[in-house]
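Protein chains: 2
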Amino acid sequence: MSLLTVGSVAFDAIETPFGKTDKIIGGAGTYIALSSSFYTQDQKIVAVVGDDFPQEMLDTLTSKGVDLEGLQIKQGEKTFFWSGRYHNDMNSRDTLVTELNVLEHFDPIIPESYQGVDYLMLGNLSPQVQRSVIERLTVRPKLVAMDTMNFWMDIALDELKKTLALVDILIINDEEARQLSDEYSLIKASKVIRAMGPKYLIIKKGEHGALLFHGENVFFAPALPLEEVFDPTGAGDTFAGGFMGYLAATDDISFENMKRAIITGSALASFCVEKFGTQRLLEITKNDVAERIEQFVALANFEMVQTI
Amino acid sequence: MSLLTVGSVAFDAIETPFGKTDKIIGGAGTYIALSSSFYTQDQKIVAVVGDDFPQEMLDTLTSKGVDLEGLQIKQGEKTFFWSGRYHNDMNSRDTLVTELNVLEHFDPIIPESYQGVDYLMLGNLSPQVQRSVIERLTVRPKLVAMDTMNFWMDIALDELKKTLALVDILIINDEEARQLSDEYSLIKASKVIRAMGPKYLIIKKGEHGALLFHGENVFFAPALPLEEVFDPTGAGDTFAGGFMGYLAATDDISFENMKRAIITGSALASFCVEKFGTQRLLEITKNDVAERIEQFVALANFEMVQTI
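Residue numbers (this note's numbering), protein chains in the order written: chain A, 1 to 308; chain B, 1 to 308.
If you're looking for bench data, these hints aren't it; they were derived computationally from the structure. Among the hints, a few may not be true.
Incomplete in silico selection of chain A near chain B, CB under 8 Å [said to hold, decoys possible]:
| id | residue |
| --- | --- |
| 1 | 78 |
| 2 | 174 |
| 3 | 178 |
| 4 | 182 |
| 5 | 187 |
| 6 | 192 |
| 7 | 194 |
| 8 | 208 |
| 9 | 225 |
| 10 | 226 |
| 11 | 253 |
| 12 | 255 |
| 13 | 304 |
| 14 | 305 |
The C-beta atom is built at its ideal place from N, Cα and C for all residues, glycine as well.
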């Protein structure tokens, strides 16, 4: 089944305790599309870049099955740029520079050939832009997932709530879930947030794994314990991309299959953090992902017996 | 198989954001023995109390199969007392009062009838006291587990290392593992700590679950997401008690069975935090524990398929 990703395609400059990069390619849309490409080759993207964005990366996306008709290239304008510095614990970071550039007036135009897409992943963008994508699709996708961040809760909470009312799955981290719900307990937070619209909620807890909520069901996926987290940038988007790519490829949105999709997303995210930016996602093979998934099975698998 | 617990039997006074208690019964030995009693009735305890300790709780322990011959009751002396206040996040606390009382000169005398015990759980005590118990047992138990805390790392690291060299399993939390190993990554920490002696290491991460390390194997057990953590006091000891009680009852120290023991300990710990002190452990039945274990199975269980 086809997957449409809407999200930033951008430049990042990253500092971690292990080193720093010049401008490298980043952006939620990039990570989502690269990650989901391990599972589905029927992919479309709606995004915007300036004329400074390298053709090489566009060719890479095309080679991985990503249809770029919805990627707007704005002549004479610059690509979105973000720069940040991670703290020693790698769990928090300071934003050093945000240059919106082409993203400031981003109008997510949907090519006619994209109509009828089966799965939709809305990467972190303004809730108005996210909502306009849903409204411009003439047939509602089988599943609409979205990411957001605390920034939009701070400055555009009403808009965010209007968009939340239209989606099936929200994928956010624990801090964002607490802010959005005003509840510390993630169980309570999950109820408050799901009352806002999304029937499914995924709360990402970074190195502590991820929770999936639906009705009375809860599933917990561990994160793989790693010797070193080299660069967490894009890990959440890589997770979302693996999750949605797996669902689109299997075309099964049962709770049991969503568990598998979360493990798949977690496996892909565990690669993402091993090197700067998208580097590891561009090196690994489907076989590497399959082996990593086996590590998750070994890590989380247990079988209770009835002898006692 | 028989289980010997060595640990404090004490009074606690606890403040949480939900309320406060007067002096109630606590102590690592108490929580471990109550928790393991759900699985093994062949239990012994080595501990010390003053003559102020209520006979009622001793009768309760006896009724649960705990042999109290090794419990010293010091006439004219007072029981160990700890008082603490939890912060709003329930993950950190301040110690308000510590009165060592009978614990100050605790000599862990092993009754002759205790010799030949199969499993040994050393609750958090000074490493010298823990080591003297191991040395006084004429036959080495099948499995020796110990807990410790950062306090001993601060003031008695050399003694702690001598004791660590003699045990099979260390059960500590993530903060303690990082301090003991001087490594932030828990994978790296696990290697450093296991090089000190214990072949098995359990790192408890509170609401984020627990990790078991042995050789190249890692197992991750989630914590049950809870609406409310009412009082975390004793949760770690309850976990250890359930773990060792399950191992003693099944008499199987394979890695697969240790996974089950960890899930069992996690289930018991999830009850412990629901009310102040030992209250919940005294209310629940074995059937309640079995139902809670089923919730862990539902929470953590997934099955990958080979269709993709």
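Hints versus structure:
Given hint, residue 78(A) at the interface with chain B, is violated; its Cβ is 37 Å from that chain's nearest Cβ, farther than 8 Å. Taking 8 Å as the C-beta cut-off, the interface hint given for residue 174(A) is violated, the closest approach to chain B being about 10 Å. Restraint check, residue 178(A) versus chain B: the minimum CB separation of about 11 Å is more than 8 Å; hint violated. Taking 8 Å as the C-beta cut-off, the interface hint given for residue 182(A) is violated, the closest approach to chain B being about 14 Å.
The beta carbon of residue 187(A) is positioned within 8 Å of a beta carbon in chain B (closest approach about 5 Å), and the interface hint is therefore held. Against a cut-off of 8 Å between C-beta atoms, the interface hint on residue 192(A) is violated, since the closest Cβ of chain B lies about 12 Å away. Interface hint status for residue 194(A): violated, as the beta-carbon distance to the closest one in chain B is roughly 14 Å, over 8 Å. Residue-level restraint check for residue 208(A) holds (minimum Cβ-Cβ distance to chain B is 4 Å; threshold 8 Å).
For residue 225(A), the interface hint holds, the least distance from its beta-carbon to any beta-carbon of chain B being 5 Å, beneath 8 Å. A distance limit of 8 Å between C-beta atoms decides the matter here; for residue 226(A) the minimum to chain B is near 7 Å, and the interface restraint holds. The beta carbon of residue 253(A) is not positioned within 8 Å of any beta carbon in chain B (closest approach about 15 Å), and the interface hint is therefore violated. Checking residue 255(A) against chain B: minimum C-beta separation of about 10 Å lies over 8 Å; hint violated.
Interface restraint check for residue 304(A): the shortest CB-CB distance to chain B comes to about 6 Å, inside 8 Å, so the restraint holds. Among the interface hints, the one on residue 305(A) holds; its C-beta lies about 7 Å from the nearest C-beta in chain B, closer than the 8 Å criterion.
The structure shown violates the earlier hints numbered 1, 2, 3, 4, 6, 7, 11 and 12.
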